[in-house]
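Peer 1: In case you want the letters, here they are:
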Amino acid sequence: MLRLENVWKVFDQGTINQKVALKGIDLNIKEGEFVTVIGGNGAGKSTLLNAVAGTWPVTRGRIFIDGNDVTGLPDYKRASLIGRVFQDPMLGTASEMQLEENLALALRRGKKRGLGWGVTNEEKKMFRERLAALGLGLEDRLTAQIGTLSGGQRQAVTLLMASLNAPKLLLLDEHTAALDPATAAKVLEISDNIVREEKLTCLMITHNMTDAINLGNRLIMMNEGTIVVDISGDEKKQLTKNDLLQKFADVAGVQEETDSVLLS
Amino acid sequence: MSVIDYFYSLDPAKLLKNLPGGVAQGILWGLMALGVYITFRLLNVSDLTVEGSFATGGAVTVVLITGGGPAWLRAVFGASAGQFPTWAALLMAFFVGVLCGLVTGMLHSYLGIPAILAGILTQLALFSVNLHIMDMSSNIPVSVDKYPLYVSGRYVLRSIPVAAVITAAIIGILYWYFGTEQGSAIRSTGNNPVMSSAQGIDIEKMKMIGFALSNGIVALAGGLVAQYQGFADVNMGRGASVIGLAAVIIGDVASRAIFKGHINFAVKMAFVILGGIVYYAVVILVLWLKLDTNDLKLFTALIVALFLGIPYLQSKKRESFASAAKGGSGNAET
Chain A
1 MLRLENVWKV FDQGTINQKV ALKGIDLNIK EGEFVTVIGG NGAGKSTLLN
51 AVAGTWPVTR GRIFIDGNDV TGLPDYKRAS LIGRVFQDPM LGTASEMQLE
101 ENLALALRRG KKRGLGWGVT NEEKKMFRER LAALGLGLED RLTAQIGTLS
151 GGQRQAVTLL MASLNAPKLL LLDEHTAALD PATAAKVLEI SDNIVREEKL
201 TCLMITHNMT DAINLGNRLI MMNEGTIVVD ISGDEKKQLT KNDLLQKFAD
251 VAGVQEETDS VLLS
Chain B
1001 MSVIDYFYSL DPAKLLKNLP GGVAQGILWG LMALGVYITF RLLNVSDLTV
1051 EGSFATGGAV TVVLITGGGP AWLRAVFGAS AGQFPTWAAL LMAFFVGVLC
1101 GLVTGMLHSY LGIPAILAGI LTQLALFSVN LHIMDMSSNI PVSVDKYPLY
1151 VSGRYVLRSI PVAAVITAAI IGILYWYFGT EQGSAIRSTG NNPVMSSAQG
1201 IDIEKMKMIG FALSNGIVAL AGGLVAQYQG FADVNMGRGA SVIGLAAVII
1251 GDVASRAIFK GHINFAVKMA FVILGGIVYY AVVILVLWLK LDTNDLKLFT
1301 ALIVALFLGI PYLQSKKRES FASAAKGGSG NAET
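Protein sequences appear in the order of chains A and B. Read left to right, the first sequence gives residues 1 to 264 (the working numbering). Read left to right, the second sequence gives residues 1001 to 1334 (the working numbering).
Calculated from the structure, these hints are not laboratory results. These numbers were taken from a predicted model, which means no experiment stands behind them. The C-beta atom is built at its ideal place from N, Cα and C for all residues, glycine as well. It cannot be assumed that every hint is accurate.
Stated by the list, open to error - Computed list of lysine-lysine pairs in BS3-like fashion (alpha-carbon distance at most 25 Å, straight line):
id, chain 1, residue 1, chain 2, residue 2
1, B, Lys1268, A, Lys112
2, A, Lys77, B, Lys1268
3, A, Lys186, A, Lys237
4, A, Lys199, A, Lys168
5, B, Lys1268, A, Lys124
6, A, Lys111, B, Lys1268
Unchecked claim - Just a few of them, taken from the derived set where beta-carbon distance is under 7 Å, the chain B residues facing chain A:
id, residue
7, Thr1180
8, Glu1181
9, Pro1193
10, Val1194
11, Ile1201
12, Asp1202
13, Gly1230
So here's chain A without its partners, still in its complex pose:
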């Protein structure tokens, strides 16, 4: 579903601030895989996600989504294939627009936006059902301005928006990091449900090792712009936090204590 071939990303190339953020990433994610991505600060997790999303062009390499070569496409032209949820709950929704307007914008992702009405009545009905499934009581607030919703509610709405028209790929970028623990748990539960029910292929970045272990069916650890650990199947099911810390220590060649500080 997602294939990266020797992807490099160099920021500020040729300047004193030059930073090689991705060093020849090769990655092949199959349909229906739910991949969690962990790694310390500056490991290249977000850079990897942004490369896939098309935030900027990669320096070298090719990216394929569902067989389409998207390397040369900017983010808005890849959007029909991708659903995204950002770390900042404010980024995923238009705060001054109504809840139903936001959902309607997402429903038209990848479609031509013409002079038809922005939100139709059938759509409102569908939105109400989908919102009810979230269990946050949002189904009665279709015309509320998104800005009046809490961070957790906004993240849940962004998740719904990202999954509305069956994207080939769902990208979650530490989407619970800015939420309080209880809300984060709720949003994670919603994420897991949506990925299962819609049978989505998903790439989720997290700072939380427990989440990375508990969720999904494949785990990738990044360090200094490369993928250093790639675990799936039964090995992933039996993985413990200590295994993971040990693996990181082995690969990165640093002391275990510093790692736990970095990773937990």
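With chain A held as given, fit chain B onto it using these hints.
Peer 2: This is chain B only, laid out in the frame that chain A set:
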């Protein structure tokens, strides 16, 4: 002259007599402010192109009505020998205004020039363009006695309903347009460009459409104002962006004071027009108080600075280092 003499010299009847003129002008400039509203509030950018495109609209309208303009264009509207239809002149003004906006949009999107600077560049260029449109004269008169003008300062009471109907029609069209899929995409681009890109919206294209539509409306308003005042002048757009802001902000404050909570989009736009009317009522009042007309622009700038600053000062009052130093102003427990 003593203060008492000054107050005796003020004639209430004269104020009443001048008020309808203020209303008519307020509606027409309010229409211009609707264009400003699109960029300032919906796209979230300050577009100074309007200072030029307003005069462009006036110039195009007056030149066409008074028998000028390219022969092919006159032929298109069957006016080769006769009168160029007023509606067609305004349509052309709108069209040329759209082009002005596209120029700013292209400077911004393709050359990466900040929107405010792109607007300043277009506006400066338009000064020369406008002189060319007016065949190198800085002022062209258009008499209501000779041409079928829609509005005129000579027939104020007849002009008010005409201006109101045109404005209402444009509010209706904008209400429809910004409710469509494309209009929603423009609004979301102004509100949250990151989210809009992620939802597959070409935000540069949306900004371009916004600039174009905004300046089209501004130029149309320029065409109407030129008719109302009986001439097109190369300087008629000076201060238009600030007057537009004044109308938008006055409308904002008034609508928030009257309605609590969600305000319908059409009502918001109607309040922009009301903002224009209030602005011109204040201008009439200031003139009636015998203040120097040359000070009007200073006065306008002060009002806009005040209204733009008030929300900031209010938030500062709620939360400032100065009050924190005094032990805080709010109730932390509640």
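Peer 1: Output the numbers, in ascending order, of every earlier hint that fails for this structure.
Peer 2: Going through the list in order, the structure violates hints 1, 2, 6, 9, 13 and respects the others.
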